[in-house]
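There are 6 protein chains.
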Amino acid sequence: MAQNYSFKYFTVQFPAENPYVAHVEINRADKMNAFFEAMWLEMRQVFNQLSEDPSVRAIVLSGAGEKAFTAGLDVKAAQGGILSSDSNLDPARKAVHLRRHVLEFQDCITAVERCEKPVIVAMHGFSLGLAIDLSTAADIRLCSKDVRFAVKEVDIGLAADIGTLSRLPKVVGNFGWVKEVALSARIFGAEEALRVGFVNSVHENRAATIAAALKLATLIASKSPVAVQGTKEILNWSRDHSVQDGLRYTGVWNSAALQTGDVPAALLSGLQKRTPTFEKL
Amino acid sequence: MAQNYSFKYFTVQFPAENPYVAHVEINRADKMNAFFEAMWLEMRQVFNQLSEDPSVRAIVLSGAGEKAFTAGLDVKAAQGGILSSDSNLDPARKAVHLRRHVLEFQDCITAVERCEKPVIVAMHGFSLGLAIDLSTAADIRLCSKDVRFAVKEVDIGLAADIGTLSRLPKVVGNFGWVKEVALSARIFGAEEALRVGFVNSVHENRAATIAAALKLATLIASKSPVAVQGTKEILNWSRDHSVQDGLRYTGVWNSAALQTGDVPAALLSGLQKRTPTFEKL
Amino acid sequence: MAQNYSFKYFTVQFPAENPYVAHVEINRADKMNAFFEAMWLEMRQVFNQLSEDPSVRAIVLSGAGEKAFTAGLDVKAAQGGILSSDSNLDPARKAVHLRRHVLEFQDCITAVERCEKPVIVAMHGFSLGLAIDLSTAADIRLCSKDVRFAVKEVDIGLAADIGTLSRLPKVVGNFGWVKEVALSARIFGAEEALRVGFVNSVHENRAATIAAALKLATLIASKSPVAVQGTKEILNWSRDHSVQDGLRYTGVWNSAALQTGDVPAALLSGLQKRTPTFEKL
Amino acid sequence: MAQNYSFKYFTVQFPAENPYVAHVEINRADKMNAFFEAMWLEMRQVFNQLSEDPSVRAIVLSGAGEKAFTAGLDVKAAQGGILSSDSNLDPARKAVHLRRHVLEFQDCITAVERCEKPVIVAMHGFSLGLAIDLSTAADIRLCSKDVRFAVKEVDIGLAADIGTLSRLPKVVGNFGWVKEVALSARIFGAEEALRVGFVNSVHENRAATIAAALKLATLIASKSPVAVQGTKEILNWSRDHSVQDGLRYTGVWNSAALQTGDVPAALLSGLQKRTPTFEKL
Amino acid sequence: MAQNYSFKYFTVQFPAENPYVAHVEINRADKMNAFFEAMWLEMRQVFNQLSEDPSVRAIVLSGAGEKAFTAGLDVKAAQGGILSSDSNLDPARKAVHLRRHVLEFQDCITAVERCEKPVIVAMHGFSLGLAIDLSTAADIRLCSKDVRFAVKEVDIGLAADIGTLSRLPKVVGNFGWVKEVALSARIFGAEEALRVGFVNSVHENRAATIAAALKLATLIASKSPVAVQGTKEILNWSRDHSVQDGLRYTGVWNSAALQTGDVPAALLSGLQKRTPTFEKL
Amino acid sequence: MAQNYSFKYFTVQFPAENPYVAHVEINRADKMNAFFEAMWLEMRQVFNQLSEDPSVRAIVLSGAGEKAFTAGLDVKAAQGGILSSDSNLDPARKAVHLRRHVLEFQDCITAVERCEKPVIVAMHGFSLGLAIDLSTAADIRLCSKDVRFAVKEVDIGLAADIGTLSRLPKVVGNFGWVKEVALSARIFGAEEALRVGFVNSVHENRAATIAAALKLATLIASKSPVAVQGTKEILNWSRDHSVQDGLRYTGVWNSAALQTGDVPAALLSGLQKRTPTFEKL
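Protein chains in written order, with full-length UniProt numbering: chain H, 1 to 281; chain Z, 1 to 281; chain B, 1 to 281; chain V, 1 to 281; chain X, 1 to 281; chain C, 1 to 281.
Calculated directly from the structure, the hints in this document are not laboratory data.
Treat the hints loosely; a few may be bogus.
Copies of the same chain look alike in the list, so a pair counts if it fits in one copy or across any two.
Each computed SDA-like pair below joins lysine to any residue, with the alpha-carbon atoms no more than 25 Å apart [said to hold, decoys possible]:
1) K273 to R114
2) K273 to T218
3) K280 to E25
4) K215 to E192
5) K8 to S201
6) K145 to E37
7) K280 to E204
8) K215 to G189
9) K31 to D90
10) K215 to V196
11) K8 to H101
12) K31 to S51
13) K145 to E66
14) K8 to K280
15) K145 to R100
16) K76 to S222
17) K8 to E192
18) K145 to L268
19) K8 to L268
20) K145 to V196
21) K145 to L89
22) K280 to G189
23) K280 to E104
24) K215 to G270
25) K31 to R239
26) K145 to S242
27) K145 to A16
28) K76 to Q49
29) K145 to S201
30) K215 to R148
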């Protein structure tokens, strides 16, 4: 199926030298890539399309401009919205509207996790609030030396509600550190992020981070897409289930996946010491 | 509501320079703060009261005296108790008494986790057995250089049963290390605790550790209590549920919490570059 | 009960100087200890027997020969098997056969986790694919400096399906790192394994790693077996359940376990400053 | 917000005498209301819109024509589709396409469960296969005397995969009966459906069933929408969670919902013995 | 331990002819046994005491007066309380107070479920709202012919939040019926309650219902208390867990319970065809 | 694969007129088919073999002799065993032996549930204790008019621990009835069993019950084995998981199963109005 990747707030490119890799960039550099509603709705569309596009095998997500991956929620744009409106409703009715709004916002972030292809996020500069929510829904996190992270939400009077509090403790195995940064909203940098396992590696600057992400994406894209997509799915399922349920689900999943032509193709090219090619998926 | 904080084994103080912060200290220094039943029952009372006291926003827990945060269970006091008594009961009836005893003991430790305000524990010197159970029920762990930790229970012939085995693997993302220290009962120090993520930071001595804990508590207490208490609650819920259940619970929780006056207060003071004040909770 | 430990692909020894410790070695050095079906079926037998043998209190698992702990699945032996056979079956019937095969293979690996005695795995040289599945089912992982780890499965076109994807994220608290090594199949060494918490410690060579494992096993074997086996069981249960379910299960477990004679024995020998002895289990 | 309810395969009416009730009818009587892909995609749209339409408080779902509520899947239309296409793909790649297809189909059925307003389904005549999937996603099931139910899927060689097997055992507390009808695909009638609790009541014919459904919907629509929508949500959540998790979620939900003006309105009209009116939601 | 059963709103009697049976009665007949806060707090005390009193083996709960088991919440008494107070708080802060209130109320009802001895509830006359919450926390429900049940909460503008919505679907295997009575708040009688399995049996009048409950309690009290209390606990645990988790928990529980002297006592008296006696618990 | 069905305590027959149906009979009529250890170990073997035998599509389980399906545990045989032995062990060590024993016993019963082919149990006469454990692990339960059921375990001083307490509440949707029969150990008959949904149907005598079971098994065996085995598996999985997890698992399962040749075979024979034939599985 031919995909149309013309979006307003996101650019989607397919670098010539990286077959099967899509490079998505948040494209609102003049506002430090801060998000408002139309943006997260569009982002869901982007990742839903990439998820089913058979010519895509791995994805890099970065932010345009030197200043920020994303400064988070565009508070000014949000103020005219859900929080202020409908002020004549009683608190229970207002709660219904707020809940619907939050659940849809969450669903747009979850699109990154739900995407069947691995997503590597390359962060630099200000990476605040929503940047953490978004990156924990991705699979692998890289950053540049100049990055400034913060779970910023308590500083605007609210508990982070679009993913960080549910996903960060399952991404980083240091619950005390998660609590500290979530309760204090303090800034932390690349070195600390690496030490606690929030990012996989640190790079010189924005360009080097994106280059490293593309290189890793290219490596992953060279593998069997049946194997790669199955691996992402089973890892995410296992995070949320007991080991026994994880094993059982894996057995059912692989009962179809092992019938792929990719296994003999991979074995044969291994013996012949050449690079295998795999059909699209 | 006016709270009465006069206890026998715990001191509760409200440092003048740290508004909204309660400093709880285990107060049995002559016995290395070792616990017996009356103490853990009282500790539950302390944290239940602090949980609902609107003038409290963050809590520091430390141990009196230079020698120990707590040396753990006061084995001598325990010997006359549950383990020896009722020797003419059959093993099944004895099991009922033991189970009730363990579940109530667990519940006293869980009072720290259930407390709606963040709890920062400042440990020094001997911090053995029950010290680990207790600190994993807290939110953030700090320690001094001289600390000596051990999951001591196997050395007295039992599996730790008041929290360590259930919580430590969810606090520290290194299951092999957890198994090693729990199965060997070996001592470990501040540096190792920091490396594996058991503590957030290490300080020069007992005084410096408490000072750092109070400073962090003060920072957290300066944030919106609606945001802080919601953050603690959602993080603990998410630890025990799938990401989808975590997101849904968050949406329901915030449908009320987002209606707080703290959000506009925080936004406004952000624009005006001044410190916001928030109502009690 | 007297146990018979005569196996074809595994040696089981009881070192004279390490009472209560069993040393299991994968014994197919000429093929880099690569596994085929008869081996994993036998391995299940080995660990089922050790689990119930009252003269065993801790187990070390290593691989014979200097080259490899295990190079993983013996692909050549596997090729004539499940993947190629029954080619005239429809994909749904083939899936049933594959699923049964995977579930039984998983069960053989799970025998290591199910074993009631702690298992310390000592790895060196090539430790690929199945080596990771196997070691995550053990309790504690040690390795030598020369070790070469890889979650190799994507390189042969499949998602790892006998344990790595379900257990590795619960062993190592760095979900991004798990995804990277599982999606890229890249080699990683001892230092990286230590840093992310995959192994507990690194040793000079194969012999030193095994020696360290035996020493740790001997230490654990000197503790009360009631305490040690209860600790392993409760830690594994807690990994897969909420904290509340973990605490409740612990209370029920210990209602019998606390009635052991090991508690007074341990307390008394503690007062008398001598080494306690415990009855077999 | 003004809603546009012009659909192709479904009619949506608002009966004048039943304020706040929407009557949805499957509108393909000439084909016994058999479903094909465009229909279930449209049905999702219908229920998504009704879910957020503040002028709707309860929904009745029925089928046009005297012959059938729905005869199930339109097998002829399906044959040209997912099952036959892409025959040159390997079984693993085909599995990916099939899984995506099934998951989207399931999501369209789940739209009925996800709809925030109660859905009462009125069934008559042939109600086969998909009719069971669909009705178990609704809240209340009524039927006419002439109804002919069957979990028909095994008769076309497949396990029911769009909801029956996951929901029917949680709707009907007779697991043996569920297994019998699912494994044998046998027809069962109104009387048996009533006896096992699959339907709430049986009515003379199609018209009487729809009339009874509209009457019940009108009764429910006369209650506080805050109370009604909360009740549906909490009942569905509780089905999938432990009692403790159900209670906790309820507490969080009601912390906003109890602040509604509907509680004083209901209490006052109770005292004044008149019918309360509630604001839209 | 000697228990003191002098309460204000509940009478606790030990009928001479029914050894080991406690009869608890709600004692506010002039107000149709409607509940206000002091009553549910006291009820928790009653059941906490009975739970640990070794001379109690089974409990009957009924309501005084001919008119009602309980008419539910005393709305007049509640109006001056939590819902109206603190009106100057913002909705987020008010939500905190409401949630704390609901959770404590729930906990008082849960005391009946948590009670280690079986509780048989005997209902008659008006049994509305809280009567349903309360009775689903009990083990066995009996009623008289004149009973009038209703899940009344939607009629006062709220979703039932102290247990009915979490427990009723797990007590009665007819989810459609549960939804109907919860969404419509309609009255239902003894015959319907029996048909759907909400009550175990129906009796002529209040006196006959209580007599039948006492008879059943006496029968249960004649059995081994180790067996009876274990059976209640395991059934409640199993309701909230998978079959595998239920089996495992049972195995751990019985590893202590099977060591009771009650098993040989029961076997011996079986052979000797006489009634066994069992020690207290 | 050719199967050898020569057993000591069970007969396995393949009735000529019922292709693909296996009839298993408990064969110890002189002792009312009471079970001892060698029998349940053998029963696991029987069902493990039937599970993988491609010529078997449905199974009927009955008891030899007119008196009893099974009178339950052979208490006399059990007395010399696990409960009395090892009397010099401390209660904690004894608990380990008891737990291992119970878990293996449970696993033998679970073999019936784990068996991939549907199991219909035909009960008559005394069907006590273990009869209930066993039959709840089966898929469908039939009985004769003369059947006498009882959850007998409390009468010998123990909580039923090999399946009844975990499975019966999930088989029968009447939790109060389950508690009553489990706590009182009272006898109940065919009519009551039918009313609460414990059995699917009641028949004149033992012969008629077995005939009905064989007829139902033959009907099920005439369906696609891919569809039938998938239906059993998904129903059992769904019982233990949330609806969302059930749907997801179903989607993964069917991604392979829908590729069977049985779907076109069933569709074609449906159009041609003839009986389809399906390949073995």
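Outcome of the hint check:
In the homo-oligomer, the alpha carbons of K273 and R114 never lie at most 25 Å apart, since the shortest distance is 35 Å inside one protomer and 39 Å across protomers. For the homomeric pair K273 and T218, the shortest alpha-carbon distance inside one copy (19 Å) is at most 25 Å, but the shortest distance between copies (45 Å) is not. In this homomeric assembly, K280 and E25 come within 25 Å of each other (Cα to Cα) only inside a single copy, at 24 Å, whereas the closest approach across copies is 41 Å. In this assembly of identical chains, the alpha carbons of K215 and E192 lie at most 25 Å apart whether taken from the same copy (24 Å) or from different copies (20 Å).
Neither within a single protomer nor between protomers do K8 and S201 lie at most 25 Å apart by alpha-carbon distance, with minima of 31 Å and 45 Å respectively. Taking the shortest Cα distances, K145 and E37 never come within 25 Å of each other, neither inside one copy (30 Å) nor across copies (48 Å). Within a single copy, K280 and E204 get their C-alpha atoms no closer than 34 Å, and across copies no closer than 45 Å, so neither meets the 25 Å cut-off. In the homo-oligomer, the alpha carbons of K215 and G189 lie at most 25 Å apart both inside one protomer (23 Å) and across protomers (21 Å), since each shortest distance falls under that limit.
Taking CA atoms no more than 25 Å apart as the test, K31 paired with D90 passes in neither setting, with 35 Å inside one copy and 32 Å between copies. When the C-alpha separation of K215 and V196 is checked against a cutoff of 25 Å, the pair qualifies both within a copy, at 24 Å, and between copies, at 22 Å. Taking the closest pair of Cα atoms, K8 and H101 come within 25 Å of each other only inside a single copy of the chain (22 Å); across copies the shortest separation is 29 Å, beyond that limit. For the homomeric pair K31 and S51, neither the shortest alpha-carbon distance inside one copy (28 Å) nor that between copies (35 Å) is at most 25 Å.
For the identical chains of this complex, K145 and E66 are intra-copy neighbours only, at 12 Å inside a copy versus 41 Å across copies, given an alpha-carbon limit of 25 Å. Proximity of K8 and K280 under a CA criterion of 25 Å is satisfied in neither setting, with 28 Å inside one chain copy and 36 Å between copies. For a Cα distance limit of 25 Å, the shortest separation of K145 from R100 qualifies neither inside one copy, at 38 Å, nor across copies, at 40 Å. Taking the shortest Cα distances, K76 and S222 sit within 25 Å of each other only across copies (23 Å), while inside one copy they are farther apart (43 Å).
In this assembly of identical chains, the alpha carbons of K8 and E192 never lie at most 25 Å apart, being 35 Å within a copy and 41 Å across copies at closest. In this assembly of identical chains, K145 and L268 lie within 25 Å of each other by CA distance neither inside one copy nor across copies; the values are 42 Å within and 32 Å between. In this assembly of identical chains, K8 and L268 lie within 25 Å of each other by CA distance neither inside one copy nor across copies; the values are 45 Å within and 31 Å between. For the homomeric pair K145 and V196, the shortest alpha-carbon distances inside one copy (15 Å) and between copies (20 Å) are both at most 25 Å.
When the C-alpha separation of K145 and L89 is checked against a cutoff of 25 Å, the pair qualifies neither within a copy, at 47 Å, nor between copies, at 45 Å. Within a single copy, K280 and G189 get their C-alpha atoms no closer than 39 Å, and across copies no closer than 33 Å, so neither meets the 25 Å cut-off. Proximity of K280 to E104 under the C-alpha cut-off of 25 Å is restricted to the inter-copy arrangement: shortest distance 21 Å between copies versus 31 Å within a copy. Within a single copy, K215 and G270 get their C-alpha atoms as close as 22 Å, which meets the 25 Å cut-off; across copies the closest is 40 Å, which misses it.
Taking the shortest alpha-carbon separations for K31 and R239, neither the intra-copy value of 35 Å nor the inter-copy value of 35 Å comes in at or below 25 Å. In the homo-oligomer, the alpha carbons of K145 and S242 never lie at most 25 Å apart, since the shortest distance is 37 Å inside one protomer and 33 Å across protomers. For the homomeric pair K145 and A16, neither the shortest alpha-carbon distance inside one copy (27 Å) nor that between copies (40 Å) is at most 25 Å. Proximity of K76 to Q49 under the C-alpha cut-off of 25 Å is found in neither arrangement, the shortest distances being 30 Å within a copy and 29 Å between copies.
For the homomeric pair K145 and S201, the shortest alpha-carbon distances inside one copy (10 Å) and between copies (22 Å) are both at most 25 Å. In this assembly of identical chains, K215 and R148 lie within 25 Å of each other by CA distance both inside one copy and across copies; the values are 24 Å within and 22 Å between.
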